[in-house]
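> Protein sequence lines, in the order shown, are assigned to chains D and L.
All the letters of the first sequence, read from the start, carry residue numbers 675 to 786 under the numbering used here.
All the letters of the second sequence, read from the start, carry residue numbers 18 to 128 under the numbering used here.
Please note that a few of the clues may not be correct.
DSSO-like mimics (lysine-lysine), calculated; alpha carbons at most 30 Å apart, straight line [what the hints assert, rightly or not]:
id: 1; chain 1: L; residue 1: Lys87; chain 2: D; residue 2: Lys731
id: 2; chain 1: L; residue 1: Lys43; chain 2: L; residue 2: Lys86
id: 3; chain 1: D; residue 1: Lys683; chain 2: D; residue 2: Lys731
id: 4; chain 1: D; residue 1: Lys745; chain 2: D; residue 2: Lys683
id: 5; chain 1: D; residue 1: Lys731; chain 2: L; residue 2: Lys43
id: 6; chain 1: L; residue 1: Lys73; chain 2: L; residue 2: Lys43
Bear in mind the hints are in silico, worked out from the structure with no lab data behind them.
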Amino acid sequence: NAGVTQTPKFQVLKTGQSMTLQCAQDMNHNSMYWYRQDPGMGLRLIYYSASEGTTDKGEVPNGYNVSRLNKREFSLRLESAAPSQTSVYFCASSEVQGGGYTFGSGTRLTVV
Amino acid sequence: SQQGEEDPQALSIQEGENATMNCSYKTSINNLQWYRQNSGRGLVHLILIRSNEREKHSGRLRVTLDTSKKSSSLLITASRAADTASYFCATDRNTGNQFYFGTGTSLTVIP
Numbered sequence: 675n676a677g678v679t680q681t682p683k684f685q686v687l688k689t690g691q692s693m694t695l696q697c698a699q700d701m702n703h704n705s706m707y708w709y710r711q712d713p714g715m716g717l718r719l720i721y722y723s724a725s726e727g728t729t730d731k732g733e734v735p736n737g738y739n740v741s742r743l744n745k746r747e748f749s750l751r752l753e754s755a756a757p758s759q760t761s762v763y764f765c766a767s768s769e770v771q772g773g774g775y776t777f778g779s780g781t782r783l784t785v786v
Numbered sequence: 018s019q020q021g022e023e024d025p026q027a028l029s030i031q032e033g034e035n036a037t038m039n040c041s042y043k044t045s046i047n048n049l050q051w052y053r054q055n056s057g058r059g060l061v062h063l064i065l066i067r068s069n070e071r072e073k074h075s076g077r078l079r080v081t082l083d084t085s086k087k088s089s090s091l092l093i094t095a096s097r098a099a100d101t102a103s104y105f106c107a108t109d110r111n112t113g114n115q116f117y118f119g120t121g122t123s124l125t126v127i128p
């Protein structure tokens, strides 16, 4: 099925560990995004990539890095995980900037 | 900081009734979108409305936009149990490229 695929679906990390969340889309979309969703906070934009080769910070970029590996893939890296990064992470893509997003099913991350 | 604020935070209705959710925002926009999220799932795009549009329809969904009041509403007519979900508005803060989400309205449709 066409769409946005995120891996892993669940992850538990210890404080200070690092990990990379993977995201791939097969719709030939130009723009990709990483959001985190916390109870009562809605979704907050971490980083986005308007097109292949570009990345920009969103609202809450601290503690994260991203890589737009190619047009299909956009990864999110936590270099030194903290309990405050416990959240559900969503990747999304859009054909053009300003267009509707297609979301992945999310990665539920717990940092202990 | 959140751009959109949905109201009410929670809404419970009987199947067959209409559900109305509102979204207010603070800065000017190019586009506003509405999304649905079923429990434990990703968000699904419902409707995009541009700042020069006042109303859009999609099936049982009707979205209005009043840029002078910086507000939008989502109306779901003849609701079904399957409409039970959280609904979010998202605005682009006039950037045209990334969207900022509100905290959502939790809708429960009772069969």
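> The structure should be examined with respect to each hint, and the outcome stated for every one.
Each hint tested on the structure:
1. L:Lys87 with D:Lys731: holds (26 Å)
2. L:Lys43 with L:Lys86: holds (10 Å)
3. D:Lys683 with D:Lys731: holds (24 Å)
4. D:Lys745 with D:Lys683: holds (22 Å)
5. D:Lys731 with L:Lys43: Since the Cα atoms of Lys731 (chain D) and Lys43 (chain L) sit roughly 21 Å apart, the hinted pair holds (cutoff 30 Å).
6. L:Lys73 with L:Lys43: Answer holds: Lys73 (chain L) to Lys43 (chain L) is near 22 Å, not above 30 Å.
The structure agrees with every numbered hint stated previously.
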